[in-house]
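Engineer: As you go down the protein sequences, you meet chains U, W, H and A in turn. The opening residue of the first sequence carries number 1 in my numbering; numbering runs sequentially from there. The opening residue of the second sequence carries number 1 in my numbering; numbering runs sequentially from there. The opening residue of the third sequence carries number 1 in my numbering; numbering runs sequentially from there. The opening residue of the fourth sequence carries number 1 in my numbering; numbering runs sequentially from there.
I should point out that these hints are in silico values taken from the structure, not numbers from a laboratory. Some clues are possibly wrong.
If you want a taste of the chain A side facing chain H, the calculated C-beta under 10 Å gives, among others [what the hints assert, rightly or not]:
hint	residue
1	F47
2	R51
3	D73
4	P74
5	P77
6	W81
7	A87
Virtual Cβ for every residue (Gly too), placed ideally from N, Cα, C.
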Amino acid sequence: MAGVKRSLAVDLGGIVLTTPVMIAAGCAGTGKELTGLVELRKVGAIVSRTITLDPERGSPTPRIAESASGVVWSTGLQNPGIDAFVAEELPRLARSGSHVVVSIAGGTLEEYVRLTGALQGRPEVSAIEVHLSGPDLELQRPMLGAHVDRAAEVAGAVARMSMVPVFAKLPLHASDLPEIAGAVVRAGATGLTIGGSPPALDVQPERLRPGLGGVTGWLSGPALLPMTLRAVFDVSRAVPDTPVIAVGGIRTGEDAVAAFLAGAWAVQVGTATLIDPAAPVSIAQGIVRYLKAKGLATPADVRSRLRVPASFGVASDAEEDRR
Amino acid sequence: MAGVKRSLAVDLGGIVLTTPVMIAAGCAGTGKELTGLVELRKVGAIVSRTITLDPERGSPTPRIAESASGVVWSTGLQNPGIDAFVAEELPRLARSGSHVVVSIAGGTLEEYVRLTGALQGRPEVSAIEVHLSGPDLELQRPMLGAHVDRAAEVAGAVARMSMVPVFAKLPLHASDLPEIAGAVVRAGATGLTIGGSPPALDVQPERLRPGLGGVTGWLSGPALLPMTLRAVFDVSRAVPDTPVIAVGGIRTGEDAVAAFLAGAWAVQVGTATLIDPAAPVSIAQGIVRYLKAKGLATPADVRSRLRVPASFGVASDAEEDRR
Amino acid sequence: MTRLRAEILSTRKLGAYHSLTLVAPDIAEKARPGQFLAVKMPEGRAFLLRRHFAVHQASRRGGWAGTLEFVVDPLGPGTEWLMSVKAHEFLEVIGPLGTAFAYPKRHTNCLLVAEGHGASSLYFLAQELLARHKRVDMVVGAETLDRVFKPIEGKRLSQTISIVTADGTLGERGSVMDVLPEMVEATGTEVLYAAAPSPILARIAGFCKERAIPAQVAVEERMGCGLGLCQTCVVPVARKDGSGYDHLRSCVDGPVFNPARVLWDRWLSEEPTMLPTPPEGLPVVRSWPG
Amino acid sequence: MTRLRAEILSTRKLGAYHSLTLVAPDIAEKARPGQFLAVKMPEGRAFLLRRHFAVHQASRRGGWAGTLEFVVDPLGPGTEWLMSVKAHEFLEVIGPLGTAFAYPKRHTNCLLVAEGHGASSLYFLAQELLARHKRVDMVVGAETLDRVFKPIEGKRLSQTISIVTADGTLGERGSVMDVLPEMVEATGTEVLYAAAPSPILARIAGFCKERAIPAQVAVEERMGCGLGLCQTCVVPVARKDGSGYDHLRSCVDGPVFNPARVLWDRWLSEEPTMLPTPPEGLPVVRSWPG
Ligand SMILES: Cc1cc2nc3c(=O)[nH]c(=O)nc-3n(C[C@H](O)[C@H](O)[C@H](O)COP(=O)(O)OP(=O)(O)OC[C@H]3O[C@@H](n4cnc5c(N)ncnc54)[C@H](O)[C@@H]3O)c2cc1C
Ligand SMILES: Cc1cc2nc3c(=O)[nH]c(=O)nc-3n(C[C@H](O)[C@H](O)[C@H](O)COP(=O)(O)OP(=O)(O)OC[C@H]3O[C@@H](n4cnc5c(N)ncnc54)[C@H](O)[C@@H]3O)c2cc1C
Ligand SMILES: Cc1cc2nc3c(=O)[nH]c(=O)nc-3n(C[C@H](O)[C@H](O)[C@H](O)COP(=O)(O)O)c2cc1C
Ligand SMILES: Cc1cc2nc3c(=O)[nH]c(=O)nc-3n(C[C@H](O)[C@H](O)[C@H](O)COP(=O)(O)O)c2cc1C
Ligand code: FES
Ligand code: FES
């Protein structure tokens, strides 16, 4: 096992994870639930559910429905608010023995700043993940993180205040993703989590109703993997040498390796953890099997090593080749 | 059958389809292939493969790979160019007995204009679908249709020149989709096709290579359905009374009805047609079964009838409800 | 709570239902009435999430020691798949999960009210109550004959039983609510237990409140995990201090709840109260539903 | 071309392969060597596309009249599922699809070169050639013993046969290319037919060009439909007028091609020539790969 840990360790701009497999935001419970179901010290890091300034009671039920190889969900970011979180949940999460990444979301710049302040100097916090898929109440836009300047402004403010690494979780489906990624990193973010689930809707024709009590939701699960790999591929080439964490549809060691090849430094696992709480560990074991089979030492040996031609992304003979 | 046709007919701002089920662009061959496999006169319309000004030889192979409940593909829009298309393929398509919608794509505004010109006065053309997911060579942007003004400029130019209805096929994953939709319709587009496949990447860890010869591709298939329904839902509420055609993951009559409930006037079927060329007809039959069971006369009776509360989209007691 | 690969010992058709018996000593040892199992679905399918089933029988002693039985009510792809699995195949299950029914200390007269597959967990409860020398009476309802769960066993387990079907194919025609009052009178009910679809539970809750009968109900809300990880399975429950209510996870804080504290109207109102991305023009308000 | 639900008459293990025989008169009637079938995958799985298999046997007369046989080489989920289907279950198939091998008019001496499951279609071809009084010789290759397809039948169908395995477990150790020259000499080959993985076909093509031996090869490229609808299965083929090349659909214009006209290097070069969205800074060029 020691060998495994040695070979899988990854440094994400400051925090060193024993394995590059984390549990995604909102899929790890509140600290106690996973005990006995998975060896948490073998999990690279746990991302907390997303925390807001005030308590959020969240969406009505049903909060989850199934789609082809995916789930449509909306919890409405149910959480106790930052103060109760820091007082009760954070210490519990830390006891798991794994790194704790705290996910935060605000509706205004000020809220993000105050959330970061509330986490300052808390030894249990290994890193902060900035949730940017929610509405922008100041600029009255449906998705704050979909806009280059705004995403950079918010992530930058959090990064400047934070003593720990800051990862911006960018919406997977933002049209200008590589551009947003570049701006966010220039603004000071340590790295990027690619990415937040795309908006979705489940409809139940029989009842003429939405499948979720909150009507709309987000898409998660294996259905997303090709979009995740593509977003990671584009982003990692736009901001080389920046830690990129892939999330969206990762279920097996092979999926994780695919993400590394596309440019990811680590992966997060959400839906797969809900289905099999031991998934983060078996995924890590799958990565080890792959590295062994290929005679490689660490995930970094495959990172961004997807074999594409030198000509790639350069005009070259494309014009000639058309007809 | 007459009854079926009567009940399923839909008027998309000028063209009347006998059924609201069309075959999506690039999934209907070149005119001959479907004969014997499906009764084409029972298919609402056939969208051609996307046609460019000059011949496109397209991507290297492999051009398709599978993902969880989806396919990742890239044909590079292989096509013979508009002149050869109009001379040979268009008449063949028209002989199918179904409406022919011609899909066009350009890299510059001028190309779109010239493509539209080449189709003017051709009786075989029932409508034009404007592919907007390609790169913008003038403004040097990776995706022309992802930008409000540009999408509107191009779609508007085509609409002004065209004698037949014009449908703008907007990228499913564009962050500002409802805004783009509004602008495109104001610019003169008859309706919208929601939407173009999102960018994707297939990776084969074993070979350390992309699954596609062209490296990157697009995601299609059932995996997309919840994103499609959501995009249709948002767009149809942004531009009420505008014909919206849903495409992305539709495979059954139930899926089609779900799209109608979300706001679609008609649906297109791509991947499902590749798997079962009779799918467009069995989907139409499934819609009829649903309408019968619910005692409804036409798909319009369920259009945008998803049961959501009156309060929906209004501030109401949301603030109160949070804690 | 244990996660294990359990061999299927036997499968049985019970009217419209299907019962599966697993070899799962670690779970059987701990399982109590009201608790449930999370059953993994097969690989390579288009549906992913575990399916959840109340424990119908957990044998600790005798010939069946170490076995665990649950009952499947066919509904969609997951339950249909479970109808097709055969003896000696294996299922990946986690359990026992959630809260169990509490046994009465002072009281003796217990009325168990079940609709449809809800009877599965209540028959298990009946055994445990009888073992504790309580009086057990039952109301068992269903739409029709073949959905009345094991009527013979129901009779065996109860002092008196009232069976009702919506179409009158077995017992009286009607719903459990029609016979509830007279059964309560007749049996001198001191404590009521119920497992049924939530709209019926809501009416039972109202009834118990009126009559001031202490009660416990087992709810079913859609679950993403069943393990307390995802907060999708919540039920609105009033705070003890009356300062409002919380969305409690029915997989860890339930599925057994005190019906008096559940905000039934809020939970079951089909009026969504969250706000989606508004159409152009409308104000963007605080909400996180995507 | 017909689409039908065909009953599986029998399944057979053939070394590493699996053979399925269907009752499909309409297809069997028309199918010719080189053509293939598109087999639908089951509902509810995470994989969607039809899988494609060369016709191994299409019986028009005798006791087996109306039956159709194809051979499955296990590779991934689809072929694994096909290894599990049983007699009397049904498959949804479309066929016969694509172009067939043309029979020589003037020439008599035919050499059939197969690697792995490629032999499946060539044995069918051999029968048809023999029925036309042609001389049939064979080269059959595989990695190892159990992947040599039906060696006995190969011997029965050919005047002379040369079997080669990469590990020497059957016949000579080596590849089909090692024995090709001497077989051509020994048998006075006038026409060559081949079905093998494309890298081997590329080398065979070079060999035939050198020796000016007319040849036909059956290729396998990934297919979205197999019906000519989607343009995913293309192969670069030189135009007759020499003005360049076209991407021809191997499902309708193939799978049987004249190897002299296929641009093997361009087809098989693992260097992608299309351009993805460039990283920031790089110019956006004309390309539609997403
Ligand atoms: C605590 C608990 C105990 C249960 N006990 C039993 C039992 O003993 N016997 C039995 O037959 N069923 C029981 N159910 C309901 C059972 O879990 C669902 O009927 C089953 O998951 C349906 O899956 P499906 O694929 O067949 O149907 P689908 O409708 O395709 O399921 C789709 C999704 O919705 C969820 N879902 C659907 N219906 C329900 C429901 N009523 N409650 C919760 N989730 C649902 C499924 O888990 C799945 O995630 C219980 C549910 C819960 C929460
Ligand atoms: C014209 C033609 C004839 C064929 N004849 C035979 C035959 O007689 N016997 C046999 O065993 N196989 C044959 N194949 C290959 C067979 O279709 C694939 O091995 C099979 O589809 C793999 O599916 P899978 O799910 O097991 O593997 P996967 O790798 O999971 O398949 C994933 C996807 O890739 C495609 N694919 C994978 N390998 C190939 C391949 N070599 N060629 C084309 N598509 C591929 C699959 O169809 C599927 O869409 C033929 C292929 C073609 C195109
Ligand atoms: C039930 C559920 C709850 C989630 N809650 C959150 C959350 O609170 N904050 C967040 O940023 N992401 C949340 N996510 C998204 C996941 O973190 C992850 O980005 C997404 O599910 C895609 O990964 P997956 O395919 O591995 O699930 C949630 C996902 C699910 C399924
Ligand atoms: C093989 C293939 C080729 C396609 N070619 C085109 C095309 O030329 N132009 C276009 O606008 N869309 C094209 N599409 C996208 C489809 O038109 C459709 O938008 C997409 O596949 C989603 O629908 P589906 O899930 O029903 O397949 C293609 C899709 C596939 C699978
Ligand atoms: S189902 Fe996941 S927390 Fe209850
Ligand atoms: S596989 Fe679709 S055109 Fe050949």
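Engineer: Give a verdict on every hint.
Structural biologist: Here is what the structure says about each hint:
1. F47: Holds: closest Cβ of chain H sits about 7 Å from A/F47, inside 10 Å.
2. R51: violated (14 Å)
3. D73: Violated, because the Cβ-Cβ distance from A/D73 to chain H comes to roughly 19 Å (cut-off 10 Å).
4. P74: violated (15 Å)
5. P77: Nearest chain H Cβ about 6 Å off; hint holds.
6. W81: holds (9 Å)
7. A87: Violated. Min distance 19 Å.
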